[in-house]
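2 protein chains.
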Amino acid sequence: MKRRHHVFIATSLDGYIADAQGGVGFLDTFPMPEDTDMGYYAFMDKVDALLMGRKSFETVLGFGVAWPYTKPVFVWSQTLSDIPSELKDKAFLVSGNLEEVEKQILSQGFANLYLDGGQVIQSFLQADKIASMTITTIPVLIGKGIRLFGEVENPLKFPCISTTRYENGLVQQVFERQD
Amino acid sequence: MKRRHHVFIATSLDGYIADAQGGVGFLDTFPMPEDTDMGYYAFMDKVDALLMGRKSFETVLGFGVAWPYTKPVFVWSQTLSDIPSELKDKAFLVSGNLEEVEKQILSQGFANLYLDGGQVIQSFLQADKIASMTITTIPVLIGKGIRLFGEVENPLKFPCISTTRYENGLVQQVFERQD
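Going down the list, the sequences are from chains A and B. All residue numbers for the first sequence refer to the numbering used here, where the first residue is 70 and numbers rise by one. All residue numbers for the second sequence refer to the numbering used here, where the first residue is 70 and numbers rise by one.
Just so you know, the hints here were simulated from the structure itself, not pulled from any lab data. Hints may be right or wrong, so weigh each one.
As the list makes no split between identical chains, a pair holds if one copy fits it or if it spans any two.
Mimicking EDC-like on lysine to aspartate or glutamate, the simulated pairs with C-alpha atoms at most 20 Å apart in a straight line are [unchecked claim]:
#: 1; residue 1: K198; residue 2: E220
#: 2; residue 1: K226; residue 2: D97
#: 3; residue 1: K226; residue 2: E236
Nothing here was measured: the structure is a model prediction, and the numbers come from that model.
Make a model of the complete structure from these sequences and hints.
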């Protein structure tokens with residue numbers, strides 16, 4: 070099985086990617102370092118496109134900032150019927166099950182995907198199609214919310230290949246899938 | 070408020086300290102490095118005694134190895150009536166609520182406690198009485214089990230003060246409480 074997809078995400082110390090209301094205010098618990106992008110652009114250079122769920126897409130839209138992605142973004146949704154007109158050449162709806170969605174994207178020439186959002190990541194983990202996960206820990210306990218990880222059928226090993234602590238107390242690990 | 074207690078624990082990548090049956094087999098997913106104790110003895114030198122719950126105590130007894138602790142171990146239980154006779158000078162029952170238990174131990178001259186076990190750690194976090202947590206990540210997703218962290222009333226900041234990756238893919242962080 071060819072694993073070629075990647076995760077780059079931040080979680081609270083207790084493993085949440087959003088609070089119980091879907092908010093991500095905890096990301097701002099600590100001031101961000103000014104002299105580093107925490108590996109984000111190097112990571113983006115490695116991927117061909119993004120795949121995120123509807124909720125993540127709507128969260129990004131809700132930030133009210135300029136569209137932040139320079140690679141095509143596929144939005145995996147069974148319910149969304151349309152992409153806002155100003156994003157027609159930047160974001161694209163895909164639907165179906167995981168294999169169908171992956172095929173739709175790969176058939177367009179995109180090989181390595183940046184997977185974003187809890188449900189997308191959990192689905193790809195269940196299918197064991199994730200090659201690496203870069204996880205930045207925002208070291209605050211928030212107590213409840215939406216978890217990064219869910220159930221898996223079999224244990225999946227992801228040895229840590231690097232770790233970096235930042236001056237503001239954040240810490241980032243890269244984990245790579247190993248059979 | 071004086072925070073003086075400490076945590077030194079291992080979790081799976083998805084935040085579990087034991088599997089759904091209470092087992093800790095996942096701790097052996099990766100071969101342990103032979104040339105390091107991963108900071109364990111330096112940590113033990115900093116604490117005066119251990120406080121663990123009944124389940125952790127029974128887990129340690131179940132390992133079938135020689136009693137591993139050189140410091141007094143307090144076992145917090147409302148149900149356990151006795152300590153095995155061979156451990157009478159090493160392990161001691163305490164009961165009551167958190168304040169009562171802490172007072173019983175501190176009044177005997179022990180100041181800095183090593184807190185072990187999910188329920189004990191969660192209780193002390195809820196009371197905001199933990200100064201530091203050293204968390205070793207065993208980088209395997211196990212999907213379900215007993216979580217290290219539970220609900221907290223208010224967000225608690227624990228900036229990372231150090232991170233260490235080991236050759237076997239494990240990674241260890243030290244987090245220190247910050248107001």
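Hints, verified against the model:
1. K198 to E220: Within one copy only: 15 Å inside a chain, 31 Å across chains, cut-off 20 Å.
2. K226 to D97: Only across copies: K226 and D97 sit 12 Å apart there, 30 Å inside one copy, limit 20 Å.
3. K226 to E236: So K226 and E236 pass the 20 Å test across copies only (15 Å; inside, 29 Å).
In this structure, every one of the numbered hints holds.
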